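Enquirer: Protein chains in written order, with numbering that gives the first Met the number 0: chain W, 0 to 328; chain B, 0 to 328; chain U, 0 to 328; chain E, 0 to 328; chain L, 0 to 328; chain Y, 0 to 328.
Hints may contain errors.
Far from chain Y by the CB rule (all over 12 Å, computed), these chain L residues [to be verified]: (1) Arg4; (2) Trp15; (3) Ser19; (4) Asp20; (5) Leu39; (6) Asp83; (7) Pro101; (8) Gly166; (9) Gly167; (10) Met194; (11) Ala212; (12) Gly296; (13) Glu325.
Below, a sample of chain W positions facing chain B; criterion: calculated Cβ distance under 7 Å [as the list claims (entries may be wrong)]: (14) Glu148; (15) Asp177; (16) Ser191; (17) His200; (18) Leu202.
It should be emphasised that the hints constitute simulated quantities derived from the structure, not laboratory data.
All of these numbers come straight from a predicted model, not from anything done at the bench.
Glycine residues also receive a C-beta, built at the ideal position from the N, C-alpha and C atoms.
These are the residues of each chain, in order.
Number of protein chains: 6
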Amino acid sequence: MASARLLGTELPGIPWEDRSDGCDDIVWRYSKNPIIPSDLIPSSNSIFNSAVVAYGDGFRGVFRCDDRRRMMQLHSGRSADGVDWEIEHERIRFVPAEGVEPTEWGYGYDPRVCFIEDRYYLTWCNSFAGWPTIGVATTHDFETYYQMENAFLPFNRNGVLFPRRIGGMFAMLSRPSDRGHTPFGEIYYSESPDMIHWGRHRLVMRPAAGWQATKVGAGPIPIETSEGWLVFYHGVLTSCNGFVYSMGAALLDLDEPRRVIARTEPYLLHPKELYERVGDVPNVIFPSAALTDAATGRIALYYGAADTVTCLAFCRLDEVVAFTRENSL
Amino acid sequence: MASARLLGTELPGIPWEDRSDGCDDIVWRYSKNPIIPSDLIPSSNSIFNSAVVAYGDGFRGVFRCDDRRRMMQLHSGRSADGVDWEIEHERIRFVPAEGVEPTEWGYGYDPRVCFIEDRYYLTWCNSFAGWPTIGVATTHDFETYYQMENAFLPFNRNGVLFPRRIGGMFAMLSRPSDRGHTPFGEIYYSESPDMIHWGRHRLVMRPAAGWQATKVGAGPIPIETSEGWLVFYHGVLTSCNGFVYSMGAALLDLDEPRRVIARTEPYLLHPKELYERVGDVPNVIFPSAALTDAATGRIALYYGAADTVTCLAFCRLDEVVAFTRENSL
Amino acid sequence: MASARLLGTELPGIPWEDRSDGCDDIVWRYSKNPIIPSDLIPSSNSIFNSAVVAYGDGFRGVFRCDDRRRMMQLHSGRSADGVDWEIEHERIRFVPAEGVEPTEWGYGYDPRVCFIEDRYYLTWCNSFAGWPTIGVATTHDFETYYQMENAFLPFNRNGVLFPRRIGGMFAMLSRPSDRGHTPFGEIYYSESPDMIHWGRHRLVMRPAAGWQATKVGAGPIPIETSEGWLVFYHGVLTSCNGFVYSMGAALLDLDEPRRVIARTEPYLLHPKELYERVGDVPNVIFPSAALTDAATGRIALYYGAADTVTCLAFCRLDEVVAFTRENSL
Amino acid sequence: MASARLLGTELPGIPWEDRSDGCDDIVWRYSKNPIIPSDLIPSSNSIFNSAVVAYGDGFRGVFRCDDRRRMMQLHSGRSADGVDWEIEHERIRFVPAEGVEPTEWGYGYDPRVCFIEDRYYLTWCNSFAGWPTIGVATTHDFETYYQMENAFLPFNRNGVLFPRRIGGMFAMLSRPSDRGHTPFGEIYYSESPDMIHWGRHRLVMRPAAGWQATKVGAGPIPIETSEGWLVFYHGVLTSCNGFVYSMGAALLDLDEPRRVIARTEPYLLHPKELYERVGDVPNVIFPSAALTDAATGRIALYYGAADTVTCLAFCRLDEVVAFTRENSL
Amino acid sequence: MASARLLGTELPGIPWEDRSDGCDDIVWRYSKNPIIPSDLIPSSNSIFNSAVVAYGDGFRGVFRCDDRRRMMQLHSGRSADGVDWEIEHERIRFVPAEGVEPTEWGYGYDPRVCFIEDRYYLTWCNSFAGWPTIGVATTHDFETYYQMENAFLPFNRNGVLFPRRIGGMFAMLSRPSDRGHTPFGEIYYSESPDMIHWGRHRLVMRPAAGWQATKVGAGPIPIETSEGWLVFYHGVLTSCNGFVYSMGAALLDLDEPRRVIARTEPYLLHPKELYERVGDVPNVIFPSAALTDAATGRIALYYGAADTVTCLAFCRLDEVVAFTRENSL
Amino acid sequence: MASARLLGTELPGIPWEDRSDGCDDIVWRYSKNPIIPSDLIPSSNSIFNSAVVAYGDGFRGVFRCDDRRRMMQLHSGRSADGVDWEIEHERIRFVPAEGVEPTEWGYGYDPRVCFIEDRYYLTWCNSFAGWPTIGVATTHDFETYYQMENAFLPFNRNGVLFPRRIGGMFAMLSRPSDRGHTPFGEIYYSESPDMIHWGRHRLVMRPAAGWQATKVGAGPIPIETSEGWLVFYHGVLTSCNGFVYSMGAALLDLDEPRRVIARTEPYLLHPKELYERVGDVPNVIFPSAALTDAATGRIALYYGAADTVTCLAFCRLDEVVAFTRENSL
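Sequences and hints are given; from them, build the entire structure.
Expert: Here it is in structure tokens:
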């Protein structure tokens, strides 16, 4: 079989570090992790589960910065190399999009950023009547953000857009939830003609035995490849001492993303380093953004560690795809 | 203030029985309750929480008939007077609407029927990937039903359509839930341009102290009146021996139904008769359909009792509206 | 051993009905139960768990009347014979006692009334910062009630005063609880020099196997007898369908009521009649008041049934004491 | 297919009442239910879930009599016609079998009686270190009972013996449980060479959708028929107000009872009469014994109702077998 | 506004370390933390959540030393400089105060020590009938301790006395609880004429969004300042992996401490160091004692870390007061 | 009293390291812990809770290797010195023992290995109908394993055999459990004539206050000594952040092991090192195997740490026995 190819654009400046000698993991950690400490800005208790995209000749991002009240906030950030980041000290203040009535800000967390057609879409877990659902906003410049309608009724989390229309419709993955530390979770696919009204919902992935037995949720924006949409996702196992979050990958059909082509039975990344095992929530790896370079097949993954800091890991498309196919559920 | 008026059509054959002497309740029970016993058809364990509409010179309905496996099914029924019913022995077999892929039938319960423009819409709690959400179907004749897309992601119950477009959009109330005997529940408002894609979700009503402290959910199709949409709804209180379901009423703004004009602080109907207190689920009154006669202001309410049988109750529009305004939360 | 004697006063007009032929129960029900229906006053959903005392040549009482919002309220009532009752349509409005700051009324339920020295004391489960604790008030005439300080911190229920000082101190039984449908409960004894400050708390009774396995709580005001304080109390067993409330009796030492002399291993009264088994909370017998006649040893017990109606039962002191001693835990 | 035949003996005096006109239920109730009231003996609160066998020219049984402490006890009983019963006022006092050390009596409930080879075996839910497991005893005369070793470790309930050795081994069905109102339950098969040591455990039946969704447990002693072992069993569904117990039937392979030949998808009997719906535990039908007459194919079923009284129902073998096959899961 | 002043005495020997360069936290950790390791005495598993006061020209304290049975014990300790501590190897053996009956020792934990008028009062979480409540004792020399009556009924924790009478009454803060790892908790104020009888209970502080969303409890003895009583307190947030304890501060009115003048919306100290994040209970900071020097405004805070070791932190009164006012809820 | 003696054989090559200076713990850790890292074999996520025995002139073992799916597997291993281990990359594939029908492999964890008479017996927590129970297998060479019948019905864990028959019967300790992270657990004793049928179950040890308050379970194979069977066991305490596993010891009567002679009130080993406190499940010490040398009284203990790695600890028989007697519950 010919090797898997990224269908996106080239990104010569993608953050990168080769796999160290002796390591044969498919996904390997950046040696200088964490790249963003918990207190990079004065108000923050922790910075993690954040979104990053290439922008101009550098990078932009939206970051989850829990403040010292432990309230969950979204902040803009910028970086020349994708590794060293400057984050705005003030949280994003959303402007109502045209025709949308203003709402009071509650909280926002676990953002994803997706470029579609002519603008960036931000999705996140948004407070709606006090409950979590998927917030949606657009920006052209990461300075002004226009808040649109929430995509769904409560209760929902981990809304992740596809980077292009599929069958003429916008498309989103999400994970319906309950109101607390939800002990279950499946990934669903929904579509929309206008980014306001959503329907034709389909089940994509259920939990499965082992590291992903309690719940699964989509991570970075799906990556378009010659072999299908590559989705990195988190899976959760419940020990007698709480939730453990690991990372796996799945390939979804390009035209019908609800169809799972392959999905890793083993995890790809699991809490092991001290910064992943010790923090505000021990034993958490939560992937939330990816950069890709079509020229080399390199992928840089951003993930939150222990709900406290932001980290980087790397992999190569062909290896991930081969591993996913060969170790599929 | 002039008296409240029903904005709908006349229905001279509406089932009716005058309030008995000495009774000063706003809503009173039919003296021959229950009108449908639990075993009207051979396969049924219980018949309750059902939908009824005027049709031709008689009545049609969709009934929740739990069978003797205790599986929840929907059956069609017909009646000349709205009191004596014939129910089909076979459950409804839905035909996929055009462009909708067939799905395997799981279960269906707590139906509502709503006429909009040119056809009847059926909504119910439908099994979607094994979880409850709002199913939608259309029929012209109560013989052939075309199943459309589910309106929402799981988990949802008590989806109740408005009988006309509002601001050019279809509109639905629903009660997001969890996967079991949900111990919480609020009523939300959603709208759709096409009955497929839903958005602009708004919170309408939260639980409130007393009989409606645990959860609230919409009952019959909202009734259009000169004073606003009249919504009968169920409220649930949790005793040390489980849930108790009672009925109240609310008035919603005609143009912006998310705005509550008034809402009963006391209940209007509460389990008291033996057939409401004793059955498969003791202490349940669950209103699910209403008939109205614009000429007289008469309202006939259908409700399930003890999750076992179907009952009738009556009231007059002007009295209900006055009571709701005067005893509002 | 000489027969047990009541140490109180004579009450020739005590409600009474002899045990029916063939019945050999120690406590027997009134043949015309329930004596107070759930809707005796227009606003009430249910009337139960109420307090009664002899007053002048008749009787007075404080009644738990849950209204049609299902909010728990206290109402005054009067009766010539202790069986037929008139209840005020308006709830009691407490006047702050001297030196007590006014508080907002939340809810009140399960009252007890106790005459000590020169006035009547009312205790009940009172809303304190939204949580249940023991409220205290005084009255001379059952028209004006002076609300004193709450006796305890949250969370507490079933505060029952002794009818005289013991060792120079006021004395109360109570049942510390949690915030919901508490699944545990023991009876404690506390004393006070001034009816404001309470201390020297002692454990009196824990739950015991069988009908009283989940929790126990004092019922009517303790009855002073030659054999000790006679305390009727409720015990709760948890079935797979919820709580079942029955009634037993205990004898406490006259001088040190924390010492239990005897306590019924079997129950004395258990839900069996339809009005005890069916209602807002099925399977509840909740004793809350007693009248006694020292001349005859007659005792009339008032109890709530199914959290819905008020009932009467009868017994003779000597028989209850003998049974309690002979069937003690 | 030839009609199903009972492989047991004739029992001309089997209690019997024909199906009433208009009734087409496979299993029908005795018109004079309940046959044993809750207070047949002075000490009892309730009498239910009991075992009955033919004995001499009459009948003997072991009865669950919860006393007025609500402690669960076993009592012997006798009857000439299987309908009118005399029950011993004193509970059974077990004598340790030879080589078994005496243990303190805790509680016993839900007995079954089974004749094997030369004696009657009694199994029941027995207190072991305070936890429920399966107790075993033998008797020849229903006067002296020899208590053997408990069959299993805690936690277990509903141990039901087969009436003959299978493959040379004693055989038992049971339902492993937890320590409380277990919300799960499957039927297992175990065998023993000596009625002391048990092994080769096999899963027989899991819960299934509908009335048997929460748990299932064997009822009467399996009935040997030409079509396999006929097992009546209870299934439990969980409503928002607690457990509902109904009855179904299964056919197990004669030589390998772990193999299920057929099993009713609908229930055969479901709480419907007031004595089944109202009692200490509402909505319970619990079958625990059966009598059979090989000459006529008549079966008389004894079941507990509402955990309060004992009832009778009837059916014919050929009809039950046909129904079970035609309505199998 | 003039700067805040401590109203207490001077304490030149207060433990102290200046804020390190580059640190701009209001409260900063001692660089040699933890000051007391988990095994300072042979029997101890962990030493934390302890009380310290100035005494003579040195310091005395009462320490929570969980032994290697993991039983919670109280030990006396002494130190010349407040940093290096000697702890008695034997636990405190309380002597009943005059008129108090001896009780069996159960457990004691989370002590506070408060000097009032002429003696030291020790309060702690004491076993009462096996449940937690507030124990009280006095000492003059930290050698003999006289145990008084428990202040409250079960269930209570974190009883913290004020260092002088207020309005002529002794005063205490406490946090009513349940019997386990209580998932809720508010601070109440109570008063007493005699340190035996307690009453006039008032709510002071509820939980608030963020780091203090689950519960709050008072820490060190309130510090009297020109701006009000300064109370350091713990707040708890529940993650999917358990409780996280952080520290904030509040100012209470000098004359009516139930009135909250200001209260930190952000935390002042949050688990971040390895010794706070890793231990018997990860992610716990629990402040329990403070020393103050009126001459300089210096405050030394003692806190337990990870329920394992004892630590020190420092701050200045004027900075804490200013921060609390400027960042108040 | 004469010093305790090991009744087993000599093992000159037992792994050993003397207690370090200044340490006076009864059980001390190996200075090079962990001896087996989490990723010793390519497929493993973690290696812990494993069984080791002397074999020939070296050692053999069965290891719990959770793979990168987090599925629990059993692997064989070998070592020359008991410290450096080679583990097979492939999991054990069991061969059905004669007369046992093959079953599908589910999962296996927490193995113990015991030599009895002429072969090695392996017991472990085995998947049976999807639930945990005690699996049993034999091997002569640690290459071929013959799987026998499961010892018990679900639900059970920590089945630990005695190394010889007692009273002519095989004997096993086990801990009945529920289906999840069981919040309770006691040790029971069972016996069998044939290693297939088990009976005569007896309670041996309940939880006790402190570090062993939630549950207790046997660890290594009981060690025969002149003073009784020495059983190292795990005890669990529940903090607000989950379970904490420590280790204690008990002495059981040689002839009647159900009789506990002594049992440590304090723990012997408690999570303290970073590799015990941080890992997939923080704060876990789980002893599962022991080697003994009768000549010197040396004992080497293998234990899992943090459900992640395998560790060694050492002690001397006479010291452990003396400590257990002197610090007994």
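Enquirer: Run every hint past the structure and note whether it holds.
Expert: Structure-based check of all given hints:
1. Arg4: At roughly 38 Å from the nearest Cβ of chain Y, Arg4/L sits farther out than 12 Å, so the non-interface label holds.
2. Trp15: Holds: least Cβ distance 31 Å, greater than 12 Å.
3. Ser19: Per Cβ check, Ser19/L is outside 12 Å of chain Y; nearest 25 Å; holds.
4. Asp20: Holds, because the least Cβ-Cβ distance between Asp20/L and chain Y comes to about 30 Å, which exceeds 12 Å.
5. Leu39: holds, 14 Å
6. Asp83: holds, 19 Å
7. Pro101: Check passes; 21 Å lies beyond 12 Å.
8. Gly166: holds, 36 Å
9. Gly167: Per Cβ check, Gly167/L is outside 12 Å of chain Y; nearest 39 Å; holds.
10. Met194: Holds, because the least Cβ-Cβ distance between Met194/L and chain Y comes to about 30 Å, which exceeds 12 Å.
11. Ala212: holds, 15 Å
12. Gly296: Given that every Cβ of chain Y is farther than 12 Å from that of Gly296/L, nearest at about 35 Å, it holds.
13. Glu325: holds, 32 Å
14. Glu148: Since the shortest Cβ distance to chain B is 5 Å, the answer is holds.
15. Asp177: Interface hint status for Asp177/W: holds (5 Å vs cutoff 7 Å).
16. Ser191: Cβ of Ser191/W sits 6 Å from chain B, so the hint holds.
17. His200: This hint holds: His200/W lies near chain B, its Cβ roughly 5 Å from the closest one there, short of 7 Å.
18. Leu202: Status holds, d = 4 Å.
The structure meets every hint from the earlier list without exception.
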